[in-house]
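Asks: Sequence:
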Amino acid sequence: MATLIAFFSHAGENYFVDGLKNVKIGNAEIIANKAKILTNADIFKIDTIKQYSNNYQICCDEAKLEQQRGELPELKEYLPSIEQYDKIILIYPCWWGTMPQAVFTFLNHYRFDGKIILPICTHEGSGMGRSELDIVRTCKNAKVLKGIKIQGSYANVCDEILKNELKGF
32 MATLIAFFSH AGENYFVDGL KNVKIGNAEI IANKAKILTN ADIFKIDTIK
82 QYSNNYQICC DEAKLEQQRG ELPELKEYLP SIEQYDKIIL IYPCWWGTMP
132 QAVFTFLNHY RFDGKIILPI CTHEGSGMGR SELDIVRTCK NAKVLKGIKI
182 QGSYANVCDE ILKNELKGF
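Numbering (the numbering used here), first residue to last: 32 to 200.
Hints listed in this document are in silico derivations from the structure and should not be mistaken for laboratory results. The structure displayed is predicted, hence computed values, not measured ones. There's no promise every hint is true.
Here are the simulated BS3-like cross-link-like pairs (lysine-lysine), alpha carbons at most 30 Å apart as the crow flies [claimed, not checked]: (1) Lys194 with Lys146; (2) Lys180 with Lys194; (3) Lys171 with Lys81.
Using C-beta positions, here's what the derived DEER-type ranges look like [as the list claims (entries may be wrong)]: (4) Gly50 with Gly199: 33 to 39 Å; (5) Pro111 with Gly50: 40 to 46 Å; (6) Val48 with Val167: 27 to 33 Å; (7) Leu176 with Ser112: 21 to 27 Å; (8) Ile89 with Gln115: 36 to 42 Å.
Even glycine gets a Cβ: it sits at the ideal position worked out from N, Cα and C.
Work out the full structure: start from the sequences and follow the hints.
Replies: Right, dumping it as C-alpha cells:
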C-alpha cells in the first residue's frame with residue numbers, strides 16, 4: 032500500500048506573528064512539499080474552482096461565511112480513487128477553529144474506511160482547533176492519529192520537526 036499527501040494551502044496575503052505578508056506559496060504547501068521529500072508519498076493539492084481572495088481580511092470573511100453556511104466548495108479536480116492508499120497525510124491551515132471547507136469537500140468525496148489519517152495543521156496561535164475531532168466525525172471508519180501543529184511562521188524551517196514526526200509513518 033501507499034501513502035498520499037493531500038493538502039489545502041492559501042497563497043497571497045497571509046497572517047504571520049509579525050504581521051501580514053504576501054506569499055507565493057502558502058505554508059501548508061511548503062510543509063506538503065517537505066513531507067513529500069521525507070516520505071516519497073504521492074501528493075494531491077486540494078484546490079477550489081472558486082478561488083479565495085488574495086486579500087487576507089476578505090479571505091477570512093469568505094471562509095467564515097462558507098463555514099457558517101456549511102458550504103462545501105467544489106474542487107477543481109478529484110483523484111479517481113484513494114483505494115491504493117492506506118495512509119493519508121492531510122495538511123491544511125486552521126481557519127475559524129478547524130480546517131477550511133475545501134478540506135471537508137475532499138474528505139466527504141471519498142471513503143476512508145480502514146485508512147490511517149495523520150493531520151498536520153498550520154496556525155499562528157490556534158493550534159489544531161477542533162479539526163482533529165472534525166476529521167474523526169467526517170471519516171468515521173478511519174484511524175485518525177494525533178495531529179501535528181506547526182506554526183505557519185516556521186513552515187520554512189520545520190524540517191527537523193517533520194522528520195521526527197513522520198519517521199515510521
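Asks: Does each hint fit the structure? Answer for all of them.
Replies: Hint check results:
A C-alpha spacing of about 22 Å is found between Lys194 and Lys146, which places the hinted pair at or below 30 Å, so the restraint holds. At roughly 14 Å between alpha-carbon atoms, Lys180 and Lys194 fall within 30 Å of each other, so this suggested pair holds. In summary, the hint linking Lys171 to Lys81 is supported, as the alpha carbons are separated by about 28 Å, within the 30 Å threshold. Here the CB-CB span from Gly50 to Gly199 is close to 37 Å, well matched to the stated 33 to 39 Å.
At roughly 42 Å, the beta-carbon separation of Pro111 and Gly50 lies within the given 40 to 46 Å, and the hint holds. Under the hint 27 to 33 Å, the C-beta atoms of Val48 and Val167, about 29 Å apart, fit the expected range. At about 22 Å, the beta-carbon gap between Leu176 and Ser112 stays in the expected band of 21 to 27 Å. Checked against the hint of 36 to 42 Å, the pair Ile89 and Gln115 passes, with Cβ atoms roughly 38 Å apart.
The structure shown violates none of the earlier numbered hints.
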